[in-house]
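Protein chains in written order, with full-length UniProt numbering: chain H, 1 to 311; chain B, 1 to 509.
Since the hints were made in silico from the structure, they are not lab data. Incorrect hints may have been included.
As the list claims (entries may be wrong) - Subject to a maximum C-alpha distance of 30 Å in a straight line, what follows is the list of computed BS3-like cross-link-like pairs (lysine-lysine):
hint: 1; chain 1: H; residue 1: K274; chain 2: B; residue 2: K38
hint: 2; chain 1: B; residue 1: K38; chain 2: H; residue 2: K15
hint: 3; chain 1: B; residue 1: K412; chain 2: H; residue 2: K12
These are the residues of each chain, in order.
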Amino acid sequence: MKIDLTDTTASKINKALVQGRRAIGTPAVGMVLTMVIVTDEENAYDSIKAAEEASHEHPARTLVVIKRHARTPRDRTRSHLDAEVRVGADAGTGETVVLRMYGEVSEHADSVVLPLLLPDAPVVVWWPVEAPDNPAKDPLGALAQRRITDLYTTENPLVELEARARSYAPGDTDLAWTRLTPWRSMLAAALDQARVPIVSATVEAEADNPAAELLARWLEARLHVTAERVVTAGPVVTGVRLGTENGEIVIDRPEGPLATLSLPDQPSRTLALKVRTTSELIAEELRRLDADEMYAIALRGEATKENPSDV
Amino acid sequence: MISDWDNPLRDARDRRLPRIAGPSGLVIFGVTGDLSRKKLMPAVYDLANRGMLPPGFSLVGFARRDWADQDFAQVVHDSVREHARTEFREEVWQQLAEGMRFIPGDFDDDEAFKQLRQTVDELDAARGTSGNYAFYLSVPPKFFPKVVRQLKKHGLADAPEGSWRRAVIEKPFGSDLASARELNAIVHDVFDPEQVFRIDHYLGKETVQNILALRFANQMFEPIWNRSYVDHVQITMAEDIGIGGRAGYYDGIGSARDVIQNHLLQLMALTAMEEPAAFDAASLLTEKLKVLKAVKLPEDLGRHTVRGQYAASWQGGAQVVGYLQEEGIDARSKTDTYAAIKLNVDNRRWAGVPFYLRTGKRLGRRVTEIAVVFQRAPHSPFDSTATEELGQNAIVIRVQPDEGMTVRFGSKVPGTSMEIRDVTMDFAYGESFTESSPEAYERLILDVLLGDANLFPRHQEVEESWKILDPIEEYWDRHGTPARYASGSWGPEEADEMLARDGRSWRRP
Chain H
1 MKIDLTDTTA SKINKALVQG RRAIGTPAVG MVLTMVIVTD EENAYDSIKA AEEASHEHPA
61 RTLVVIKRHA RTPRDRTRSH LDAEVRVGAD AGTGETVVLR MYGEVSEHAD SVVLPLLLPD
121 APVVVWWPVE APDNPAKDPL GALAQRRITD LYTTENPLVE LEARARSYAP GDTDLAWTRL
181 TPWRSMLAAA LDQARVPIVS ATVEAEADNP AAELLARWLE ARLHVTAERV VTAGPVVTGV
241 RLGTENGEIV IDRPEGPLAT LSLPDQPSRT LALKVRTTSE LIAEELRRLD ADEMYAIALR
301 GEATKENPSD V
Chain B
1 MISDWDNPLR DARDRRLPRI AGPSGLVIFG VTGDLSRKKL MPAVYDLANR GMLPPGFSLV
61 GFARRDWADQ DFAQVVHDSV REHARTEFRE EVWQQLAEGM RFIPGDFDDD EAFKQLRQTV
121 DELDAARGTS GNYAFYLSVP PKFFPKVVRQ LKKHGLADAP EGSWRRAVIE KPFGSDLASA
181 RELNAIVHDV FDPEQVFRID HYLGKETVQN ILALRFANQM FEPIWNRSYV DHVQITMAED
241 IGIGGRAGYY DGIGSARDVI QNHLLQLMAL TAMEEPAAFD AASLLTEKLK VLKAVKLPED
301 LGRHTVRGQY AASWQGGAQV VGYLQEEGID ARSKTDTYAA IKLNVDNRRW AGVPFYLRTG
361 KRLGRRVTEI AVVFQRAPHS PFDSTATEEL GQNAIVIRVQ PDEGMTVRFG SKVPGTSMEI
421 RDVTMDFAYG ESFTESSPEA YERLILDVLL GDANLFPRHQ EVEESWKILD PIEEYWDRHG
481 TPARYASGSW GPEEADEMLA RDGRSWRRP
């Protein structure tokens, strides 16, 4: 069910949500979090779709904040808010409110979002594109426990990565890091089998790939070696080589979802390493809402201290 | 090789990395059986698909079939296609298929076990399974002695230095105390108690694990979880199916041995136990054992236990035959397809609070639940007409289907007059954590590979449970015959009378 509201306010939107829920016969809700998506019109459709798919695992109220740039000077001075309320089958397992903001109100998006947050439930903000320089200090970011950015969608990812490292606050996370989880778990599993000290590391990836940079920094931090970055044709990360005394541990994924794992003195075996969809990445992000300390370590690329309480 | 190896890529703070089992393999005996095809193989695939299995994980099937490795892979492929929970992905399948082996043979066949030994050694070398193997005995218990002896004889039960060997067994764990002890002795002769994992798939269900979270992670339930507030507890496991093709196994065993001894007494132990010192296998065992040992049977078993057999009738729009007309059942069989018993737990928390356990086949619908029914309010300021429709408060833990929890309490009916009626408040797993909830077997197989024994009953619990059930079975053997109940109903009238004697009634689940 969809309810369109023009030139509206947060309290009218709240009323429409209750009305929508009653109309479809489920006044009780089991939503576990509020997801705020801050995006432009161009990326709104794909982001909402990904969030709705992720809502099958984490039923959520999704608030989509779209800042519109009016064409005429007259519209630019007139500040107003349009909303589209979707409940039931139109909104995955939760409910979705698309907020289109024109004029001055778009500078005060937090005043619209705050009354629409679910009581007591955690808040997650996701910027599919154009994340603020300092997510935690952003007015919307400040409302959230968890702030999701995506280095893949920036013009100059490696420069942005440095900015993220400088502005890091607990609760920050980036989808470039999320994309690495299967790689990292397979590398950890490979090391479980090899059980030998690592003396060198190489990450092979397409040029300017932020995930590859994070992977290299993570390996440097954990293994106390200098990771070599090798540029390949891609796509994304194509391989990792860890040197040991008796040979190399290699995970090689030239293309497609099938990778090959080779350990010294053992025959190689195949591994499934799929490039995951955005909705899968978001679902993983929402599984834990506390600070991701390992992301911070990878971001800074510091060698980890032996005592975890020092971090 | 370093024995005390600390993987630098793992860290307690890195919570994204899943609990991946270490290098290991799974050997399934009786791999052609129903359970293996419908549950075990799909669960292995689902684990692989979720990235929980180590690279090089190997699956070895053992059965009396003239198959090559490829034939076995094809069978697994078909069962995965049909029964797996997660979508089929070719690349995951390829990763898994490389590690599949099949050993044709009988359990008496020394050659076959020699071949198994070679296969295990070959996999260690070729796939890096590092000597870690779990042996899943998906075979009738009468074959347990043969299989474990063969494993011992061929050195498969002894783990090389730094690796592990584990045995996984399924119910029934004996048919009475004596046979359970005998079975345990046979298995423990070869495997240490810590190496033996007894599967009670109910314990792998999210809701059952949630009983402990609900009770011990919250503040609002535990203060009323005792005799001062609880009137009684009803634990129900109902099935709508008959015995199907299991006549050979079922006749002479019956529902009490099949269900109450393991599933229901485990659910009861989790509901009634004290807070464990820690969430680990040893502490859980201690507390569950304490409760099971405190269980006391009613003096008059005739008045407080009921058994029944389903009779021909209409069930849910289909005509079904009675138990005695089922194929392969003796027309004079006294086997129970329904059992209801009353138990008391003699400790400070539960003295005077009866636990009613019931199970049956061909009942109204398939449902498993634990209902904690509370006492009425000691005083009501409302007049009796206002509260006429108010029942007792209850917390119901729905184990299956539709996993979740219901709280029942009284609420004012909207309108001018004061009228109070029962309403329910619902928490559904399917609503708050949809789709992520893994199958019980996935969880349990992963726990076996990780060596986490929290969700597996130990032999002491099995023996203690038989001590509870044996006197009831003996009484039933000596007295009377099973009551009849119409298929599709909620059990015999005698069971309703049994509760009516205590001034209570069964919930309609």
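Now for the hints, and whether the structure bears them out:
1. H:K274 x B:K38: holds (26 Å)
2. B:K38 x H:K15: At roughly 48 Å apart (the allowed maximum being 30 Å), K15 (chain H) and K38 (chain B) break the hint.
3. B:K412 x H:K12: holds (29 Å)
In this structure, only the earlier hint numbered 2 is contradicted, and the remaining ones agree with it.
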